[in-house]
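Novice: Residues per chain are reported as follows:
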Amino acid sequence: MLSFSKWVRDPLYGFVGLTETEVKLLDTPPLQRLRRIKQLANAHLVYPSAMHTRFEHSLGVMHIAGRMAEQLQFGDDDVRAVRYAGLLHDVGHGPFSHVFEAALHDICGKSINHEEITRLIIQNEDSIWDVLGSSNDDVIELFTENGERIQNQVISGNLDADKIDYLRRDSYHTGVVYGNFDLERILHTIHNKVDGTRSYLTLYKKGVDALENFRLARFLMHAQVYHHHTRAAADRMFQRAMEIAIRDNVISKEFLNPRNPDFLKNYLSLDDSRMLFMLLKNPDSNASTLVTALENRQLFKRGYEIEVTHIPDPILRMKIAQMGKEKYRTLEEVLAEDCGCEKDFIMADIHNIENSLYKSSNESILSDKTPFLIEENDGSLHEIEEFSTLLPTKDPRLIFYVFCPKEYRAHIKDRVEEIIRDNI
Amino acid sequence: MVLSPTEAAVMVIDAAGGRIAGRTAIQKIIYFGTVRNAVKATYRPHYYGPYSADISGALQTITSCHFVDEAMDTDDSRKVNETFEWKRYSYTLNDEGRKVTEFLKAGSPKDYEEIKKIVDICKKTAKLDPNVLSWAAKVHYIIKQEHRQMTYEEVSKIAKSLNWQLQDPQIATGVNLLKELSLVTG
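Residue numbers (our numbering), protein chains in the order written: chain A, 1 to 424; chain B, 1001 to 1186.
Read the hints as simulated data drawn from the structure, not as lab findings. Just so you know, not all the hints are guaranteed correct.
No farther apart than 25 Å at their CA atoms in a straight line, the calculated lysine to any residue pairs in the SDA-like style are these [stated by the list, open to error]: (1) B:LYS1040 <-> A:ARG421; (2) B:LYS1040 <-> A:ASN113; (3) A:LYS359 <-> B:LYS1105; (4) A:LYS265 <-> A:ASP284; (5) B:LYS1099 <-> A:ASP248; (6) B:LYS1099 <-> A:ASN113; (7) B:LYS1099 <-> A:MET323; (8) A:LYS359 <-> B:ARG1019; (9) B:LYS1110 <-> A:ILE315; (10) A:LYS325 <-> B:ARG1088; (11) A:LYS359 <-> B:HIS1046; (12) B:LYS1105 <-> A:ARG36; (13) A:LYS325 <-> B:ARG1019; (14) B:LYS1040 <-> A:LYS193; (15) A:LYS325 <-> B:HIS1066; (16) A:LYS325 <-> B:THR1042; (17) B:LYS1099 <-> A:LYS343; (18) A:LYS359 <-> B:PHE1103; (19) A:LYS327 <-> B:PRO1109; (20) A:LYS359 <-> B:PRO1109; (21) A:LYS325 <-> B:LYS1105; (22) B:LYS1040 <-> A:ASP349; (23) B:LYS1040 <-> A:ARG36; (24) A:LYS343 <-> A:HIS382; (25) A:LYS327 <-> B:GLU1102; (26) A:LYS193 <-> B:TYR1047; (27) A:LYS359 <-> B:LYS1110.
Distance windows between CB atoms, simulated [as the list claims (entries may be wrong)]: (28) A:THR197 <-> B:ALA1053: 47 to 53 Å; (29) B:MET1001 <-> A:ARG247: 41 to 47 Å; (30) A:LYS413 <-> B:MET1001: 38 to 44 Å; (31) B:ALA1071 <-> A:SER127: 23 to 29 Å; (32) B:LYS1124 <-> A:PRO312: 37 to 43 Å; (33) B:TYR1047 <-> A:LYS24: 38 to 44 Å.
It should be emphasised that the depicted structure is a prediction, and the values quoted were computed from it without experimental measurement. For every residue, glycine included, the Cβ atom is placed at its ideal position computed from N, Cα and C.
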C-alpha cells in the first residue's frame, strides 16, 4: 500500500496522490519542462482551450497506472514501477510533441522517436538517477510492449494508462466530447489472467461495451482532433519551418544530432516557446515568416484535398497513395514554379486516419501489438472480434492535402492532378 | 529503378496469376525481391520469419485503394494443429488492380521480369507454400546475418535465438529453394 505525501487537483480525477519519491521525480527539471510543452501542439489554433500540457497528462497517466495496478492486484514494487513509468513516459517529448519528432526524423535522416529519447533521459539524467537509482532499469523495461507481461501492458499496450488518460483529457480540453468513455467500467472489468509464467491483461465479458466505447472514442478523436485539417496545416507549417531553419543554418544541425555528446542537454533545453524563439532568430529566413504566420494564425489553406481511396482514376490513386517524401518535394517544386509561389510555402501531406485498435488479433500479433483479450466467466480467453458487433470497414481514411497561401488555392486546385500525372 | 513496396505487392500478385493466398507468402516473396535488389523494403526478424512493416502497409494500401479483393479463409484444423496463418488472407487483383499493374509493368519492365522470375521459382519449387517460403527466408536471413558458410546445426541454433524453430528437413527444404533462387551456393 502506497502512502501519499501530497495531493494535487486534477480536472478529470479530482485529486491525484503522490508519494514522496514521486514528488521528487516531479520536481526534476526534465519533468518540470513538460509544463512548457503543449499536449496537442497546434491544436489550440482550432480548439482554443487545448492548451493543456504533457505535465498534467503525465500526472494523469501515473494516477491511472496506479488504479489499474490496484485492480490487477500488483505487489507494491510493481505498483511503484508502473506509477513511475506513467509519470516519466513522455519525458522524451520535444517541443510541439509529435510534430517535432517528424522534424527531428528529417534532420537526422533516421527514425528517432520520443520513446527512445525518454529511455535515454531516464538512463542518463542525473536528477532522475538521484531519485530512482538503479531501479530506473525496471521503469525503462515497462516501455516495451510485451504481451506476456502484464506490467508492460499497463504502460505500453492497447488498453494502457496513456491512452486511457489522453483520450479523456484531450476531450475535456478541446470540448470535443467523442473522446469520453466509461472509465470506471473499464477499470472495474480488467483482470490479471495468469497462465504459467505469463500474465495477460484481459477484460471480463461484461466490459466489452465499455471497450467498444474506448475503441470508438480513439478513432473519433483521431478524425476530429488529431487529424483536423487546420491542425494538419499548422503542424506542417511548423515542420517546414524546422526544415528551413536547418537548411538556412538558423539552427545548427549538430545541435539536434543524437550523436552529439551534448544532444540530451540541448534537447532538454527546448520547449515550445524556446523553439519558436529559435526559429524566429533570422528574420530573413522563411522559417521566421512561417512561425510569424503561425503565431498570428495566418494559416495556409487547403489548395487541394482528396480522400485517396475515392479517386476515380486508379493510376492517379496509386500514384498519390504511394507518394513518399521525395515525391512530395518534386510535386511542391513543380507546383511552385507553375503558380509562381515561393517553393517553401507549398506543402504536400497525407493523413492516414485509421484506428489501430480495430486491427484483428492476428494483425496485432504480427505487428508486435497485444490484442484485446476477453475473458468469459469460465476463464476461457477470446478475441474481441468474437463479441464485437461494431467491426469497421477495412478502409482507413487516407486524405491527401496540398497546403498553400490562400492566394494560390485556385491555381493549385486546378493543376495538382495534372502535375502528378505528368511528373510523379 | 527499385520497386516500392506497393508496386512490388501488386506485381507479385499479378505474377502469381492474379491471386495469391497468405500474407506470409507475399511477405517472403518480396523478401527475396529485396535480397535481389528489386524492391526497397526493410525487414526484421518476426515469429514467421523476416517481416516487413513496409510490406504490411503496402498490402493495406492496395486493399483500401481497391486494387485487390481481400478474402479471409479461416481453417480451424490449422488452428488446432497450431500451424501458422489459421486465418489466411487471399488477395485477388481486380480490374482496377490489373490496370494499375499493367501501367507499372510498362514503366518498369525489368523489375517486373525479376519479380516474375522469383514468383515462378517459388511456384515451381515450393508451390507458394507459406511454410516453405518462410523456412527459406529464415535460413537466408540467418546466413546473411552471419555472412559465412554454416552447418544445419549452426543455423538451427541461431534460429532458436531468434525464437524460430528450424529442424534439419525444414532447413534442407529452405536451402533447396534458396539454391533455385540463386541466393545460396554449395
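Novice: Does the Cβ distance between TYR1047 (chain B) and LYS24 (chain A) fall inside 38 to 44 Å?
Specialist: holds, 41 Å
Novice: Checking one constraint from the list: CA of LYS327 (chain A) to CA of GLU1102 (chain B), max 25 Å. Satisfied?
Specialist: holds, 21 Å
Novice: Would you check the hint for LYS1040 (chain B) and ASN113 (chain A), treating anything up to 25 Å between C-alpha atoms as holding?
Specialist: holds, 22 Å
Novice: Please work out if LYS325 (chain A) and ARG1019 (chain B) have their alpha carbons no farther apart than 25 Å.
Specialist: violated, 31 Å
Novice: Given the hint that LYS193 (chain A) pairs with TYR1047 (chain B), does the C-alpha gap stay at or below 25 Å?
Specialist: holds, 23 Å
Novice: Check whether the Cα positions of LYS1105 (chain B) and ARG36 (chain A) lie no farther apart than 25 Å.
Specialist: violated, 52 Å
Novice: Does the beta carbon distance between ALA1071 (chain B) and SER127 (chain A) stay inside 23 to 29 Å, or does it fall outside?
Specialist: violated, 56 Å
Novice: Check whether the Cα positions of LYS325 (chain A) and ARG1088 (chain B) lie no farther apart than 25 Å.
Specialist: violated, 33 Å
Novice: Would the pair LYS359 (chain A) and ARG1019 (chain B) pass a check requiring their Cα atoms to be no farther apart than 25 Å?
Specialist: holds, 23 Å
Novice: Hey, LYS1099 (chain B) versus ASP248 (chain A), does the alpha-carbon distance stay inside 25 Å?
Specialist: Violated - the C-alpha atoms of ASP248 (chain A) and LYS1099 (chain B) are around 44 Å apart, more than 25 Å.
Novice: Need the status of pair LYS359 (chain A), LYS1110 (chain B): alpha-carbon distance at most 25 Å?
Specialist: Roughly 36 Å between the alpha carbons, so the hint for LYS359 (chain A) and LYS1110 (chain B) is violated.
Novice: Is it true that LYS413 (chain A) and MET1001 (chain B) lie within 38 to 44 Å of each other by Cβ?
Specialist: About 31 Å separates the Cβ atoms of LYS413 (chain A) and MET1001 (chain B), which means 38 to 44 Å is violated.
Checked against the numbered hints above, the structure violates hints 3, 4, 5, 6, 10, 12, 13, 14, 17, 18, 20, 23, 24, 27, 28, 29, 30 and 31; every other hint is satisfied.
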